[in-house]
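For the record, the sequence lines run as chains W and A.
Its first residue numbered 1, the first sequence is counted upward by one per residue in the UniProt record's numbering.
Its first residue numbered 1, the second sequence is counted upward by one per residue in the UniProt record's numbering.
Derived from the structure by calculation, the hints contain no laboratory data.
Beta carbons are placed, not taken as given, at the ideal position from N, Cα and C, and that holds for glycine.
Do not rely on the hints blindly, as some may be mistaken.
[Unchecked claim] Far from chain A, some chain W residues (derived; all Cβ distances over 12 Å):
1. E67
2. R124
3. S168
4. E171
5. L172
6. D203
7. M226
8. S254
9. M340
10. A341
11. Q362
[Stated by the list, open to error] Among the chain W residues that face chain A by a calculated CB cut under 10 Å, a handful are:
12. L5
13. I9
14. V167
15. R190
16. D349
17. F350
18. G351
Given next are the chains, with one letter for each unit.
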Amino acid sequence: MSAPLVLGIESSCDETGIGIVRGTELLANVISSSMDQHARYGGVVPEVAARAHLEAMVPAIEQALSEADVTLAELDAIAVTSGPGLAGALMVGVGAAKALAVALDKPLYAVNHLVGHVGADLIRTDLTSTDLSSTDLTRNGEPLEYPTIALLVSGGHTSLLLVRDLVSDVELLGETIDDAAGEAFDKVARLLGLPYPGGPHIDRVAVGGDPKAIRFPRGLSLPKDMEKHRYDFSFSGLKTAVARWVEREQDAGSEVPVADVAASFREAVVDVLLTKAVAACTDLGVPRLLLGGGVVANARVRELAAERCVAAGIRLRIPPLSLCTDNGAMIAALGAQLIMAGHAPSTLDFGADSTLPVTTIQV
Amino acid sequence: MLLAIDTSAGTSVAVVDREGGILAEHSSDDTRRHAEVIGTLIARSIADAGIEVADLSGVVAGMGPGPFTGLRVGIAAARAFALGAGKLIIPAVSHDAIAFGCTAPTLVATDARRREVYWSTYSGSDAAGLPIRTNGPGLVRVGELETAVDGFAGYRLLEAATVSAGALGMLAETMFANGRAFDDAFDGRPGALYLRSPDVTMSSGPKRVTS
Ligand SMILES: [Zn+2]
Numbered sequence: 001m002s003a004p005l006v007l008g009i010e011s012s013c014d015e016t017g018i019g020i021v022r023g024t025e026l027l028a029n030v031i032s033s034s035m036d037q038h039a040r041y042g043g044v045v046p047e048v049a050a051r052a053h054l055e056a057m058v059p060a061i062e063q064a065l066s067e068a069d070v071t072l073a074e075l076d077a078i079a080v081t082s083g084p085g086l087a088g089a090l091m092v093g094v095g096a097a098k099a100l101a102v103a104l105d106k107p108l109y110a111v112n113h114l115v116g117h118v119g120a121d122l123i124r125t126d127l128t129s130t131d132l133s134s135t136d137l138t139r140n141g142e143p144l145e146y147p148t149i150a151l152l153v154s155g156g157h158t159s160l161l162l163v164r165d166l167v168s169d170v171e172l173l174g175e176t177i178d179d180a181a182g183e184a185f186d187k188v189a190r191l192l193g194l195p196y197p198g199g200p201h202i203d204r205v206a207v208g209g210d211p212k213a214i215r216f217p218r219g220l221s222l223p224k225d226m227e228k229h230r231y232d233f234s235f236s237g238l239k240t241a242v243a244r245w246v247e248r249e250q251d252a253g254s255e256v257p258v259a260d261v262a263a264s265f266r267e268a269v270v271d272v273l274l275t276k277a278v279a280a281c282t283d284l285g286v287p288r289l290l291l292g293g294g295v296v297a298n299a300r301v302r303e304l305a306a307e308r309c310v311a312a313g314i315r316l317r318i319p320p321l322s323l324c325t326d327n328g329a330m331i332a333a334l335g336a337q338l339i340m341a342g343h344a345p346s347t348l349d350f351g352a353d354s355t356l357p358v359t360t361i362q363v
Numbered sequence: 001m002l003l004a005i006d007t008s009a010g011t012s013v014a015v016v017d018r019e020g021g022i023l024a025e026h027s028s029d030d031t032r033r034h035a036e037v038i039g040t041l042i043a044r045s046i047a048d049a050g051i052e053v054a055d056l057s058g059v060v061a062g063m064g065p066g067p068f069t070g071l072r073v074g075i076a077a078a079r080a081f082a083l084g085a086g087k088l089i090i091p092a093v094s095h096d097a098i099a100f101g102c103t104a105p106t107l108v109a110t111d112a113r114r115r116e117v118y119w120s121t122y123s124g125s126d127a128a129g130l131p132i133r134t135n136g137p138g139l140v141r142v143g144e145l146e147t148a149v150d151g152f153a154g155y156r157l158l159e160a161a162t163v164s165a166g167a168l169g170m171l172a173e174t175m176f177a178n179g180r181a182f183d184d185a186f187d188g189r190p191g192a193l194y195l196r197s198p199d200v201t202m203s204s205g206p207k208r209v210t211s
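The following block holds chain W by itself, in its conformation from the complex:
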């Protein structure tokens, strides 16, 4: 049997993603983002995102089919994100996926968004080097070696996973107990008068700044926190610390050294992310780390990850950036893996689960 042709539907946050894969081969990756509509609110507005999904859904499917040069009738299956994510946004994708599956009489796989991020790394692309964040081109789409630690960081989630098998055994080691890392970037950007989304702007103004200029706190890193929250993250204290520091400067009438604040804040986020991820690798004797999520677009995340992993003898894998941010191809790829592993399709009665645990790979 040839590799299954799967269409993946992703709508958990502000990107309507439709991807088509044949096994691990990428045929289309269409993303329609409502990010611009959220910019003036300083963060994703769930109702605005859900309305945008409804309008983007069918045009995105049509575009993906045309880019992949396949017809709906040729598909072997449909995969859709069931959760976690924004409930109202997820429901648009779930409703569309179910109806499409019934209309076409095709099997439907309802999958976990976070596990999808891990699956993104399996996808083979022939993307140009400018889109590749990985320094090692040959790793693109290579099979995953198990077990692997996965660090998933975006505006919606910050999770550290132990993946023993993509389709059958994923464990949550830790996650953020308050803000996601991407949210912290957005909030600090606002504080510094920078536009949304914060990540790229913090990156931009941090150029030339001294990451050691200000020692901002590393959340949940003190010995007493490490006992209970060894692999958990917290960014709300960091955000407050940055706000305090900036206000003190302003109150004293000094000009805020934006480059230093941005670089020091970014360093605090990236340091805690990688310290915990590398600790997980070391503690559990897993010399493999996989990164995913939109925050991986941040240059400093990739740079420090490469540095720390080399030092600790950990093999680092980062999917191409277009597959790190939320997309439908990763959902299709996970669906294809489930099919190739012989898993039965989902029954038609699943829902959108905004808090779907990462241990539930398929619903």
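Dock chain A with the ligand against the given chain W, drawing on the hints supplied.
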């Protein structure tokens, strides 16, 4: 023959035929489980009608008004089904399905949550049997219907907790049979009838954390 889907209240799916009437209809009154039930209700309606997807000529989507989260599930499903089946998508006003068959002046009111109601008025039905919408759909606070609707006392109030996809489908069949345009209510842009802007607060700039 049409597949009709409406999730402006609960979830309702039907297969209808101009001559044969409602061939199958399956509904759930649950106003919180649209995403869960939509696929099964579509599959059962088609199976019970004893037809193939290819037999359909179009898919009718109830475009609201209705609580957004659920409403979108049905519209997304109708559009995706139409795409998958290669059929026409036909947008229809959900209130029209409630008023379908009314002979006297009728005021349709449905729950909009947050202590508000959606409303539409109808003067009766035309020669083809189609409801004549004279005003709406609109949105008012609970208890203000009487002042918001002109000539309130002259209407028979029809408060509906459910919308029948069978009625919606037959409404569309009747419109089609009589050569009526489908998109009058949508200004040529058949989108969901939200009637309410997304609930958002503009960012007022960062708040101080130190006093
Ligand atoms: Zn994500």
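> Just checking, M340 (chain W) versus chain A, shortest CB gap more than 12 Å?
Replying inline: Correct as stated: the minimum Cβ-Cβ distance to chain A is 24 Å, above 12 Å.
>> Verify this label for me: E171 (chain W) is non-interface relative to chain A, using a Cβ-Cβ cutoff of 12 Å.
In response: Holds, because the least Cβ-Cβ distance between E171 (chain W) and chain A comes to about 27 Å, which exceeds 12 Å.
> Hey, does R124 (chain W) actually stay past 12 Å from chain A on C-beta?
Replying inline: Per Cβ check, R124 (chain W) is outside 12 Å of chain A; nearest 28 Å; holds.
> Beyond 12 Å from chain A, beta-carbon-wise, is S254 (chain W)?
Replying inline: At about 15 Å from chain A, S254 (chain W) clears the 12 Å cut-off, so the statement holds.
> At a threshold of 10 Å, is the proposed contact between L5 (chain W) and chain A supported by beta-carbon distances?
Replying inline: violated (15 Å)
>> Using Cβ atoms and 12 Å as the threshold, tell me whether M226 (chain W) really stays out of contact range of chain A.
In response: holds (26 Å)
> Against chain A, is V167 (chain W) within 10 Å by beta-carbon distance?
Replying inline: violated (23 Å)
>> Would the hint on G351 (chain W) be counted as holding, given a Cβ-Cβ threshold of 10 Å to chain A?
In response: Check passed: Cβ of G351 (chain W) comes within 4 Å of chain A, closer than 10 Å.
> Does D349 (chain W) pass the interface check with chain A, least Cβ-Cβ distance below 10 Å?
Replying inline: Holds, about 6 Å.
> Taking 10 Å as the limit, does the beta-carbon of F350 (chain W) come near enough to a beta-carbon in chain A?
Replying inline: holds (7 Å)
> Do the numbers back the hint for I9 (chain W), that is, is its least Cβ distance to chain A under 10 Å?
Replying inline: Interface hint status for I9 (chain W): holds (9 Å vs cutoff 10 Å).
>> Minimum C-beta separation from A341 (chain W) to chain A exceeding 12 Å: can you confirm that?
In response: holds (23 Å)
Checked against the numbered hints given earlier, the structure breaks hints 12, 14 and satisfies all the rest.
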